[in-house]
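A.B. asks: Read off the chains here:
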Amino acid sequence: MENFTPVSALLGGALIGLGTLLLLVGLGRIAGISGITSTLLFQKEDKLWRLAFVLGLVAGPLLTTLFYKDFSYSTPELSPFTLAAGLLVGLGTAWGSGCTSGHGVCGIGRFSPRSLAATLVFMLFGVLAASLLF
Amino acid sequence: MKLLVAFIAGLLMSVGMAISKMIDPQKVLAFLDLSGSWDPSLALVMAGALAVYSVGYRLFIHKPAPLFDKQFYLPTARYIDKPLLIGAAVFGLGWGMVGYCPGPAISALSSGSSGTLGFVLAMTAGWFIARKIKLPFSQA
Numbered sequence: 025m026e027n028f029t030p031v032s033a034l035l036g037g038a039l040i041g042l043g044t045l046l047l048l049v050g051l052g053r054i055a056g057i058s059g060i061t062s063t064l065l066f067q068k069e070d071k072l073w074r075l076a077f078v079l080g081l082v083a084g085p086l087l088t089t090l091f092y093k094d095f096s097y098s099t100p101e102l103s104p105f106t107l108a109a110g111l112l113v114g115l116g117t118a119w120g121s122g123c124t125s126g127h128g129v130c131g132i133g134r135f136s137p138r139s140l141a142a143t144l145v146f147m148l149f150g151v152l153a154a155s156l157l158f
Numbered sequence: 002m003k004l005l006v007a008f009i010a011g012l013l014m015s016v017g018m019a020i021s022k023m024i025d026p027q028k029v030l031a032f033l034d035l036s037g038s039w040d041p042s043l044a045l046v047m048a049g050a051l052a053v054y055s056v057g058y059r060l061f062i063h064k065p066a067p068l069f070d071k072q073f074y075l076p077t078a079r080y081i082d083k084p085l086l087i088g089a090a091v092f093g094l095g096w097g098m099v100g101y102c103p104g105p106a107i108s109a110l111s112s113g114s115s116g117t118l119g120f121v122l123a124m125t126a127g128w129f130i131a132r133k134i135k136l137p138f139s140q141a
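As you go down the protein sequences, you meet chains A and B in turn. Its first residue numbered 25, the first sequence is counted upward by one per residue in the working numbering. Its first residue numbered 2, the second sequence is counted upward by one per residue in the working numbering.
Worth flagging that the hints you see were computed from the coordinates, not collected in a lab. Please note that a few of the clues may not be correct.
[Said to hold, decoys possible] Pairs of lysine-lysine residues, derived as DSS-like cross-links and limited to a Cα-Cα distance of at most 25 Å, are as follows:
{"no.": "1", "chain 1": "B", "residue 1": "K71", "chain 2": "A", "residue 2": "K71"}
{"no.": "2", "chain 1": "B", "residue 1": "K83", "chain 2": "B", "residue 2": "K3"}
{"no.": "3", "chain 1": "A", "residue 1": "K68", "chain 2": "B", "residue 2": "K3"}
{"no.": "4", "chain 1": "A", "residue 1": "K71", "chain 2": "B", "residue 2": "K3"}
{"no.": "5", "chain 1": "A", "residue 1": "K71", "chain 2": "B", "residue 2": "K133"}
{"no.": "6", "chain 1": "A", "residue 1": "K68", "chain 2": "B", "residue 2": "K64"}
{"no.": "7", "chain 1": "B", "residue 1": "K133", "chain 2": "A", "residue 2": "K68"}
{"no.": "8", "chain 1": "A", "residue 1": "K68", "chain 2": "B", "residue 2": "K71"}
{"no.": "9", "chain 1": "B", "residue 1": "K83", "chain 2": "B", "residue 2": "K135"}
{"no.": "10", "chain 1": "B", "residue 1": "K133", "chain 2": "B", "residue 2": "K83"}
{"no.": "11", "chain 1": "B", "residue 1": "K3", "chain 2": "B", "residue 2": "K71"}
{"no.": "12", "chain 1": "B", "residue 1": "K135", "chain 2": "A", "residue 2": "K71"}
[Claimed, not checked] Calculated Cβ distances over 10 Å to all of chain B for the following chain A residues:
{"no.": "13", "residue": "K68"}
{"no.": "14", "residue": "K93"}
{"no.": "15", "residue": "D94"}
Backbone N, C-alpha and C define an ideal beta-carbon position, used for all residues, glycine too.
With the rest of the complex left out, here is chain A:
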């Protein structure tokens, strides 16, 4: 537990909540990152707001660096293992209609039984994979 960071976790979580809420209040949309990004890439409808949203996602760490000087984070090595994980995340979020933001935050926040079930399942399998592998 020596790396437990409760304050930044709650603060960052609240900002994630504000962002998802802003998309609901402003545009009436669920802020599901997998759904918005894949629709932007593979469907013709309403591309502009989805593009603006994804650009906001990419810009976030750059903005964070401006006011938080020693901000840094690790990234994975490029390897077949990393690519396989990316493929599973893509397949799974498309088949399961959502990821951590769409099901875990927006769906549970709306008390959707589907999203609660999906979140419990991806948490369980995430814990299984990480605990057995590392």
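Got chain A sorted already, so can you dock chain B onto it with the hints?
C.D. replies: Frame of chain A; chain B shown alone:
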């Protein structure tokens, strides 16, 4: 105005992932991996996000329309079906292998890391394949 709101929404979520360190796969794996020195931080990220969203949702959802569009666009699927559960399991396995779910992976693209870029491209391939190959018992 819609575009500015969408940009700021993405930005807020991304800064939230950065500040909470959810953007860092090692931080995520420290939560998912129960076998080592466990770090519960990610549970509080979820709790903070849910506290804000669930209260805000209840305050605003009774309005006739959102501020900058004609209607709310909410999911209509009701049933807990096999594609949902199998998809969530497959997603969870990939998440626990590297520590990236879609949001942090896309946010971390600005780092220029080849591993992050490779993950996002593979994820995009997964989205494409899943649109071609539907799971059995899909309703759509």
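A.B. asks: Decide, hint by hint, whether the structure agrees.
C.D. replies: Structure-based check of each hint:
1. Proximity of B:K71 to A:K71 is assessed by CA-CA distance (about 17 Å); at most 25 Å being required, the pair is judged to hold.
2. Note on B:K83 and B:K3: the hinted pairing is violated, with a Cα-Cα distance of about 35 Å set against a maximum of 25 Å.
3. Annotation: proposed proximity of A:K68 to B:K3 holds, straight-line Cα distance about 18 Å (limit 25 Å).
4. About 12 Å separates the Cα atoms of A:K71 and B:K3, which keeps this hinted pair within 25 Å; it holds.
5. Restraint check for A:K71 and B:K133: satisfied, since their Cα atoms lie roughly 21 Å apart, inside the 25 Å limit.
6. Restraint check: the Cα-Cα separation between A:K68 and B:K64 comes to about 29 Å, which exceeds 25 Å; the hinted pair is violated.
7. A C-alpha spacing of about 16 Å is found between B:K133 and A:K68, which places the hinted pair at or below 25 Å, so the restraint holds.
8. At roughly 20 Å between alpha-carbon atoms, A:K68 and B:K71 fall within 25 Å of each other, so this suggested pair holds.
9. Simply put, B:K83 and B:K135 have alpha-carbon atoms about 11 Å apart, close enough for the 25 Å limit, and the pair holds.
10. Between B:K133 and B:K83 the CA atoms are separated by roughly 17 Å; this keeps the pair inside 25 Å, and the hint holds.
11. Straight-line distance between C-alpha atoms of B:K3 and B:K71 comes to about 12 Å, which keeps the hinted pair within the 25 Å bound.
12. At most 25 Å may separate the alpha-carbon atoms for a hinted pair to count; B:K135 and A:K71 meet this at roughly 24 Å.
13. No Cβ of chain B approaches the Cβ of A:K68 within 10 Å, the least distance being about 13 Å, so the stated non-interface status holds.
14. For A:K93, the condition that its CB be more than 10 Å from all CB atoms of chain B holds, with the nearest at approximately 13 Å.
15. Here A:D94 stays apart from chain B, with its beta-carbon at least about 13 Å from theirs, past the 10 Å limit.
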